[in-house]
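K.L.:
The chain contents come next:
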Amino acid sequence: MLRTEEMLLNVGPQHPSTHGVLRIVVKIDGEVIREATPVIGYLHRGTEKLAEDLNYTQIIPYTDRMDYVSAMSNNYVLVHAVETMLKLEIPERAEYLRVITLELNRIASHLVWMGTYLLDIGALSPFLYAFQDREKILDLFNELCGARLTYNYMRVGGVKWDAPNGWLQKVEQFITMMEKRMKDYHQLITGNEIFIQRTRGVGVYSQEMAIQYALSGANLRVTGLQRDLRKEHPYSIYDRFQFDVPVGRHGDLYDKYLCRMNEVEESLKIVGQALASFPEKGRVLGKVPRVLRVPEGECYVSIESPRGELGCYLVSKGKDKPWRLKFRRPSFCNLQILPVLLRGENMANLVAILGGIDIVLGEVDC
Amino acid sequence: MFGLVKGLGLTLKNMVKPRVTYKYPHEPLEMPNRFRGIQYFIPELCIVCNQCVRICPTDCITLTGKKSDDPNVKGKVIDTYEINFEICILCDLCTEVCPTEAVVMTNHYELATYSRDDLYKDMEWLSQNNTLVRKENTLHPLPKKTGAKKA
Numbered sequence: 001m002l003r004t005e006e007m008l009l010n011v012g013p014q015h016p017s018t019h020g021v022l023r024i025v026v027k028i029d030g031e032v033i034r035e036a037t038p039v040i041g042y043l044h045r046g047t048e049k050l051a052e053d054l055n056y057t058q059i060i061p062y063t064d065r066m067d068y069v070s071a072m073s074n075n076y077v078l079v080h081a082v083e084t085m086l087k088l089e090i091p092e093r094a095e096y097l098r099v100i101t102l103e104l105n106r107i108a109s110h111l112v113w114m115g116t117y118l119l120d121i122g123a124l125s126p127f128l129y130a131f132q133d134r135e136k137i138l139d140l141f142n143e144l145c146g147a148r149l150t151y152n153y154m155r156v157g158g159v160k161w162d163a164p165n166g167w168l169q170k171v172e173q174f175i176t177m178m179e180k181r182m183k184d185y186h187q188l189i190t191g192n193e194i195f196i197q198r199t200r201g202v203g204v205y206s207q208e209m210a211i212q213y214a215l216s217g218a219n220l221r222v223t224g225l226q227r228d229l230r231k232e233h234p235y236s237i238y239d240r241f242q243f244d245v246p247v248g249r250h251g252d253l254y255d256k257y258l259c260r261m262n263e264v265e266e267s268l269k270i271v272g273q274a275l276a277s278f279p280e281k282g283r284v285l286g287k288v289p290r291v292l293r294v295p296e297g298e299c300y301v302s303i304e305s306p307r308g309e310l311g312c313y314l315v316s317k318g319k320d321k322p323w324r325l326k327f328r329r330p331s332f333c334n335l336q337i338l339p340v341l342l343r344g345e346n347m348a349n350l351v352a353i354l355g356g357i358d359i360v361l362g363e364v365d366c
Numbered sequence: 001m002f003g004l005v006k007g008l009g010l011t012l013k014n015m016v017k018p019r020v021t022y023k024y025p026h027e028p029l030e031m032p033n034r035f036r037g038i039q040y041f042i043p044e045l046c047i048v049c050n051q052c053v054r055i056c057p058t059d060c061i062t063l064t065g066k067k068s069d070d071p072n073v074k075g076k077v078i079d080t081y082e083i084n085f086e087i088c089i090l091c092d093l094c095t096e097v098c099p100t101e102a103v104v105m106t107n108h109y110e111l112a113t114y115s116r117d118d119l120y121k122d123m124e125w126l127s128q129n130n131t132l133v134r135k136e137n138t139l140h141p142l143p144k145k146t147g148a149k150k151a
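Chains as they are written, first to last, in full-length UniProt numbering: chain B, 1 to 366; chain R, 1 to 151.
Just to be clear, a hint being listed does not mean it is correct.
[Unchecked claim] Derived CB-CB ranges, DEER-like:
(1) Asn10/B / Tyr24/R: 44 to 52 angstroms
(2) Met1/R / Ala348/B: 20 to 28 angstroms
(3) Asp122/R / Asn10/B: 19 to 27 angstroms
(4) Met177/B / Gly75/R: 49 to 57 angstroms
(5) Gln169/B / Asn130/R: 43 to 51 angstroms
[What the hints assert, rightly or not] With a straight-line cut-off of 30 angstroms between C-alpha atoms, the simulated BS3-like cross-links for lysine-lysine are:
(6) Lys326/B / Lys87/B
(7) Lys13/R / Lys183/B
(8) Lys180/B / Lys23/R
(9) Lys287/B / Lys135/R
(10) Lys180/B / Lys135/R
(11) Lys49/B / Lys27/B
(12) Lys6/R / Lys180/B
(13) Lys136/B / Lys180/B
(14) Lys17/R / Lys136/B
The hints are simulated quantities; they were obtained by calculation from the structure and are not laboratory data. For each residue, glycine too, the CB sits at the ideal point set by N, CA and C.
One chain only, chain B, in its complex shape:
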């Protein structure tokens, strides 16, 4: 009889497949994971605490650095919270620009996920295709607001820049191109037998479990629950657009892939509709007081970020700075289920399951 013993293995914090600085301490028995403990905090910068010393406009660049793969949604949730407290009216054109940028950013974010996820489980070429398309979105953003990732685009009361000449046409061209590209992706990945075998039935959890762990976004919808905050309590002007909420059935990794790819298609639909009804003229920044003093009180707003429910809880004491600011980061909440999913799994599935959750460490550690 061969004597075996448990071994402690340290994955990360510097590991290419953790997409940042996540450390997982795994206790393994041969190839089987007995226990996994994620260790977080390597990228903690104390954004929430820093924000207490900054005025509302100054916080916006800090939010860029939370979920740096979809900075637009972080920008938006903060200004949305402040606007809700101030009861501001947002110009129509600004709302349209916001929706277009939010959805383009969702596409970019899902492309990054798709590319790196397949890279994690061993396919190189989808990564190159995905980044090629994402680059086009980043170029559009670069032209719009002067940066590829840290946009600092939204302002309380509107957006910073109006669309430059010809930008909307470029977005339209991108949409047409991307619709064709989606077919390519399905040709390349969706039917691939190796990919299906690798992901079908792996990392499964039930709907009850997903709800108990407060999962949101594609991680929740993959279990068949149709919950999307854009539909449930529409913010901005999302109630004007027709789109579906894709759901999965099995709650496994393959369904997560399908879910996110379908979300990209829905986002393309939304951008298409927004472009069609884009107001010809108008301001992009509403009437805002020079010094933003939010009235005393508190509020919680949440939006559907590419990763799930992104919330912002704001407590104000009537000053120009928040008294307390708290972000409900979907990556952080979704990561909580990881130890449970990993227990009893094969070591080789660690990266696949972790990648499936789609975390961004800037957001986990905040």
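Assemble chain R onto chain B, guided by the hints.
P.N.:
Same frame as chain B, but now just chain R:
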């Protein structure tokens, strides 16, 4: 097996497509006009209002003013102006609040250096950084005449 072959079809199709990569750094990469790069500072326009210092989220700007040598000029003129690019995040807020557009963004983005001290850029350096300056600037349209004539 069919899925694999189908996927390979796409790979083959891509083999004849043109290259998408850039030759940076061998060839400079051009940025769009709105790009937020290293600031250009125009000392003559500055009215020492301190707004850029106050709005900076990372406190990377330091400036001092002095009385003008010319007795006809009211108010202060700029004496020193420094930006610490170790902590500057190029967020564009300083150029947004500047009432006279004395500080504007350029399209330069190469800041890598061997020494940390090189990243402290003083007024002289910043005022010589005058190429590829961004054309459209602030959120609010400029006041008709530059300078603070209101008082």
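K.L.:
Lysine 287/B and lysine 135/R were given as a pair; does the straight-line alpha-carbon distance stay at or below 30 angstroms?
P.N.:
25 angstroms, holds
K.L.:
Tell me if the straight-line CA distance from lysine 6/R to lysine 180/B falls inside 30 angstroms.
P.N.:
16 angstroms, holds
K.L.:
Given the hinted pair lysine 13/R and lysine 183/B, is their Cα-Cα distance within 30 angstroms?
P.N.:
14 angstroms, holds
K.L.:
Take the C-alpha atoms of lysine 326/B and lysine 87/B, compute the straight-line distance between them, and say whether it is at most 30 angstroms.
P.N.:
20 angstroms, holds
K.L.:
Can the suggested window of 19 to 27 angstroms be confirmed for the beta-carbon pair aspartate 122/R and asparagine 10/B?
P.N.:
Violated, at about 46 angstroms.
K.L.:
Look at the Cβ atoms of methionine 1/R and alanine 348/B and judge whether their distance stays inside 20 to 28 angstroms.
P.N.:
23 angstroms, holds
K.L.:
Quick check on a hinted range of 49 to 57 angstroms for methionine 177/B and glycine 75/R, using CB atoms only.
P.N.:
54 angstroms, holds
K.L.:
Mind checking the alpha carbons of lysine 17/R and lysine 136/B for me, to see if they're no more than 30 angstroms apart?
P.N.:
17 angstroms, holds
K.L.:
Does 43 to 51 angstroms hold as the CB distance between glutamine 169/B and asparagine 130/R, or does it fail?
P.N.:
For glutamine 169/B and asparagine 130/R the Cβ distance comes to about 33 angstroms; the hint is violated.
K.L.:
Are lysine 49/B and lysine 27/B close enough, with their CA atoms no more than 30 angstroms apart?
P.N.:
35 angstroms, violated
K.L.:
Hey, lysine 180/B versus lysine 23/R, does the alpha-carbon distance stay inside 30 angstroms?
P.N.:
27 angstroms, holds
K.L.:
Check the hint pairing lysine 180/B with lysine 135/R against an upper bound of 30 angstroms on the C-alpha distance.
P.N.:
Given that 30 angstroms is the threshold and the Cα spacing comes to 36 angstroms, the pair is violated.
Violation of the numbered hints given earlier is confined to hints 1, 3, 5, 10, 11; the remaining hints are satisfied by the structure.
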